[in-house]
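Under the numbering used here, the first residue of the sequence shown is numbered 15, with each subsequent residue one higher.
A few of these clues could be false.
What the hints assert, rightly or not - Once the Cα atoms are required to be at most 30 Å apart in a straight line, the calculated DSS-like pairs of lysine-lysine come out as: (1) K62 with K39; (2) K71 with K39; (3) K62 with K18.
By construction, these hints were calculated from the structure, which means they are not laboratory data. Nothing here was measured: the structure is a model prediction, and the numbers come from that model.
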Amino acid sequence: MIAKVGAEGVYSASLMREALGVTLKVEDGHSLASALAIASVLAELGLKPQPAALLRKPITNSRGETVGEMRVNGGVVK
Numbered sequence: 015m016i017a018k019v020g021a022e023g024v025y026s027a028s029l030m031r032e033a034l035g036v037t038l039k040v041e042d043g044h045s046l047a048s049a050l051a052i053a054s055v056l057a058e059l060g061l062k063p064q065p066a067a068l069l070r071k072p073i074t075n076s077r078g079e080t081v082g083e084m085r086v087n088g089g090v091v092k
């Protein structure tokens, strides 16, 4: 896989072995959201994103307590 992160939350990946290309745009430009989204797309395609932790990201408060998580809500629209 070759991946390129662009400006404002644009993320492109080329999966040469599978002959697939994926490009996505995160509206607010959040780079972590882009990584979570591309990992979710790879998982939906039956590929295992490495590390698997890219599928969810805990959100902590100032005391280090987990108060939520970032994750992709939904799936790939075909």
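Verification of the supplied hints:
Restraint check: the Cα-Cα separation between K62 and K39 comes to about 21 Å, which is no more than 30 Å; the hinted pair holds. For the suggested pair K71 and K39, the alpha carbons sit about 19 Å apart, so the restraint of at most 30 Å is met. Distance hint between K62 and K18 is fulfilled; the C-alpha atoms sit about 18 Å from each other, no more than 30 Å.
Of the numbered hints listed earlier, not one is contradicted by the structure.
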